[in-house]
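Participant: Residue numbers (the numbering used here), protein chains in the order written: chain G, 3 to 584; chain Y, 2 to 239.
Hints may contain errors.
Think about it this way: if two alpha-carbon atoms lie no more than 20 Å apart in a straight line, the pair counts; the simulated SDA-like pairs of lysine to any residue are [to be verified]:
#1 Lys25(Y) with Ile432(G)
#2 Lys25(Y) with Gln40(Y)
#3 Lys436(G) with Leu167(Y)
So these bits of chain Y aren't anywhere near chain G, every CB distance computed over 10 Å [unchecked claim]:
#4 Ala184
#5 Gly224
#6 Arg231
If the Cβ cut is set under 8 Å, some of the chain G residues that face chain Y in the computed set are [as the list claims (entries may be wrong)]:
#7 Thr420
#8 Asn423
#9 Pro438
#10 Ser457
Since the hints were derived computationally from the structure, they do not count as laboratory data.
Since the structure is predicted, the reported quantities are computational estimates derived from the model, not experimental observations.
C-beta atoms are modelled at their ideal positions from N, C-alpha and C, and glycine is treated no differently.
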Amino acid sequence: MVLLVLPGLLLAAGIDFNASVDQSTVGVGEQFTLNVTVQGEGMATVPKPQLPDLPDFNLLGSSSSQSTSISIINGSMKKQATVNFIYYLSAKKTGQLNIGACKINYEGQEYQSQPISIEATKTAQAQPRQQGQNPQASQSRMPIDGNLFLSASASRKTVYQGEQVNVEFSLYNRFQISGVGDVQFPSFIGFWPEKIYEAEKLNFQRQVVDGRQFEVALLKKTALFPVTSGEVEIGPLSMNVGVVQGPRDFFDMFGTTQTVKVESKPLRLTVLPLPENGQPAEFTGGVGRFTMTAELDRTNTTGSEPINLTIKVSGTGNIRLIEKPVIPATTGLKILDPEIRDQVQTSGDVIKGSKTFRYPVIPQADGKYVLPAIKMAYFDPGDKSYHTLQSKVLECTATGCTPNAPLVEATGLKVLGTDINYIKPDKTEIKPFKQPQWWLLGLGYLLSFAVLGASFFYRAHRNKLDSDRGYARKHRSGALVKKRLKSAERLLLDDDPRQEFYAVLFQAVLGYVGDRYNLDTHALSKDQLKAGLLQLNLAPELVDKIIEIIEQCDIARFSPGQAAYKTPRELFERSREILSQL
Amino acid sequence: MLTHLLLYIAIALSPAESYNLGNKCYSQNDYAGAVAAYQQALQAGPDAAVLYNLGNAYFKSGRTGQAVASYRRAQYLNPRDRDIRANLEFVRSYRADKILTLPDPFSKFLYGLFHFFSEREAALLALICFGLGSLMLALFVVYGKKFYVYISVFWVLVFIFFLADLLTWRNERQQLPVVITSAEVSALSGPGPEYKQIILVHDGTEGQIKETRGDYLLIQMPGGIGGWVRKDEVERVF
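Using the sequences provided together with the hints, build the complete structure.
Facilitator: As structure tokens, then:
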């Protein structure tokens with residue numbers, strides 16, 4: 003055996019170790035090959051595999067071959083090495099024969115291949131082959147069925163809603179392939195897909211299935227997060243494959259290419275709903291394993307400048323499907339809707355990443371605010387239970403929102419709901435509403451107008467007093483005569499009416515007549531006065547009475563000896579009566 | 002049963018006693034009893050507090066339209082009461098039809114300005130301002146000092162404001178506002194059951210009576226749409 007040294011590789015990863023036979027049914031004595039393959043990345047030296055005891059077979063010979071493929075993915079180089087050990091065997095007897103597990107010791111670890119069972123028949127199945135012949139050529143005109151197929155496989159058949167499940171689509175092939183085309187990828191309805199791998203070209207690797215060797219190419223690998231529960235079917239992936247069939251005879255020298263449509267079988271998954279039991283109120287749809295941090299970008303703000311509250315949830319699981327956590331309301335802080343960002347990457351076959359919720363927080367009033375711990379729950383499908391994450395309590399201080407406001411500690415006041423305001427309290431008395439009396443209002447307006455009108459009359463009167471002497475004399479005549487009569491009456495109370503009484507009475511009568519008719523009475527003689535009064539269309543009897551009183555007064559004043567025909571009381575009453583008639 | 006008993010008791014009670022009885026029913030969540038007691042208290046005449054509590058009792062017993070009508074009557078009597086305003090707003094936001102258009106800030110301000118005083122207050126204040134204006138003018142006429150004219154002009158301007166206030170209220174009453182009180186009403190295209198149904202309106206929607214024909218009223222909703230509805234399906238506010 004050849005020992006292979008692959009230079010430049012320091013790290014050794016795990017290896018694939020397989021054993022396969024080229025035919026599962028052989029005739030006794032017919033030669034077949036047992037192919038032991040060691041495949042791995044960065045293999046240094048590959049020891050010779052240890053064959054099992056083969057009591058039912060003859061070992062006819064062996065050979066080995068080695069190939070290396072180098073691929074550069076994301077700037078890192080991968081070196082894949084394959085070493086084939088080929089043993090030529092023949093069966094000694096008929097019946098179900100077993101090739102036990104082959105073993106290899108690589109870097110201190112023992113690998114074993116699957117045991118292979120072979121049916122040996124009496125008659126030879128085919129002509130004994132020559133050594134080193136191309137296996138494909140010997141299998142010319144193999145049936146397509148069973149030798150070329152697409153497989154769809156899921157990492158598990160039963161998952162929780164939101165739990166990650168990986169599906170893989172691979173092409174299994176034992177033919178020579180000229181090319182593929184018309185690839186129809188399934189649509190993952192009912193899932194949130196996250197791409198892990200998608201083949202850009204067919205990258206075949208050798209793999210043994212049921213003891214037969216296949217060239218296997220991984221086409222697509224996707225992580226799926228179910229969003230609904232129940233039985234969910236993942237549709238098939240289909241593609242056309244050009245298969246080169248080996249030459250039938252001499253004239254069919256290059257063989258023919260046949261286009262075969264292959265389709266994977268639909269996958270059925272059972273999606274379990276998340277348990278209702280014990281689901282915390284803070285659950286926001288996360289399924290996996292997460293951690294949470296919450297922080298404020300600053301703790302002091304002035305003038306209602308917003309502070310950013312950043313909540314970061316990171317871990318493995320359905321990161322993209324996590325909804326925003328509920329921020330407990332804090333009095334005096336207005337918390338706006340968050341800006342949400344998520345970042346997802348694949349690590350091996352696991353989807354991990356982080357989701358960031360950035361809430362602008364606007365203080366409404368000055369004060370020291372305490373944001374209570376933010377809680378968020380997720381479901382861990384590993385232990386099938388809910389876990390609640392809790393952030394630390396955050397504090398911030400706002401100034402300059404309201405000038406000169408004292409710092410107030412925000413309390414835990416919360417608005418739980420709205421309702422109508424409560425009823426008014428009891429009363430001891432109810433005075434039913436009465437519409438205002440419109441006639442009363444009208445009276446008020448009339449009164450206003452009356453006041454206004456009266457003011458105009460008053461103004462006019464004052465103007466006349468100033469401009470019209472007669473009007474002015476007449477205006478004051480009444481008051482004057484009343485005053486003079488009063489003093490005359492006082493004098494009358496004396497036992498002996500004296501000169502003074504007659505003088506006052508004379509003044510009262512003559513003055514009043516003068517004022518009333520705007521006459522200069524003191525300068526007139528009795529006859530002139532009489533003529534003047536008669537000119538004013540006064541009744542002659544009245545004029546006579548006035549003259550008589552004046553005469554009586556004159557007699558009493560200037561001729562005391564002559565007896566007055568009337569008593570002073572009678573004269574006074576008479577004068578008052580006459581003056582009232584004017 | 003309890004309701005009828007309460008109603009029977011209430012007949013012999015004064016308005017204040019009926020009102021207090023209604024409050025007691027309300028606090029014990031007997032809203033139907035509270036409605037009956039408050040209605041009894043209103044027999045003697047309207048009162049803002051009674052109407053407000055009646056609106057609450059109506060709302061709690063699920064009669065949005067009657068609640069809106071009660072609150073509007075209460076607001077007519079006491080337009081500055083915050084509780085009345087808050088509950089009217091709440092009940093309006095609660096009802097099924099939301100065809101009210103949002104008023105712009107200026108007309109909202111004007112509405113607030115002209116609904117600060119009740120109609121009665123506006124009437125009295127208008128008279129007082131007119132009286133003061135007249136008095137000042139009379140003083141000017143008598144004493145001839147210009148100072149009195151300025152004061153008079155001021156009072157006349159204030160009088161004009163109250164006059165406008167009065168006219169606003171008057172206009173509001175004359176628009177014949179109504180509230181739908183049935184749970185669901187199909188407004189018809191004519192005054193009779195044989196006409197086509199044109200609009201579906203719900204409990205609490207407000208409108209104005211445009212025309213009356215027999216048992217049918219032509220109601221116009223905000224936004225200009227309208228139709229004929231039966232008289233017993235609506236409640237007139239004033």
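Participant: Please go over all the hints and tell whether each is borne out by the structure.
Facilitator: We went through each hint and held it up to the structure:
Restraint check for Lys25(Y) and Ile432(G): the C-alpha separation of about 17 Å stays at or below 20 Å, so the hint holds. Our distance criterion of 20 Å between C-alpha atoms is met by Lys25(Y) and Gln40(Y), whose separation comes to about 14 Å. Simply put, Lys436(G) and Leu167(Y) have alpha-carbon atoms about 16 Å apart, close enough for the 20 Å limit, and the pair holds. Every C-beta of chain G lies more than 10 Å from that of Ala184(Y), the closest at about 19 Å, which supports listing it as non-interface.
Residue-level check passed: Gly224(Y) sits 26 Å from the nearest beta carbon of chain G, beyond 10 Å. Listed as a non-interface residue, Arg231(Y) keeps its Cβ farther than 10 Å from every Cβ of chain G; the least gap is roughly 29 Å. Checking Thr420(G) against chain Y: minimum C-beta separation of about 7 Å stays under 8 Å; hint holds. For the restraint placing Asn423(G) at the interface with chain Y, the shortest Cβ-Cβ distance is roughly 4 Å, inside the 8 Å limit, so the hint holds.
For Pro438(G), the interface hint holds, since its Cβ comes within 8 Å of a Cβ in chain Y; the closest pair sits about 5 Å apart. Checking Ser457(G) against chain Y by beta carbon gives a least distance of about 3 Å; that is within 8 Å, so the hint holds.
Violation of the numbered hints given earlier is absent; every hint is satisfied by the structure.
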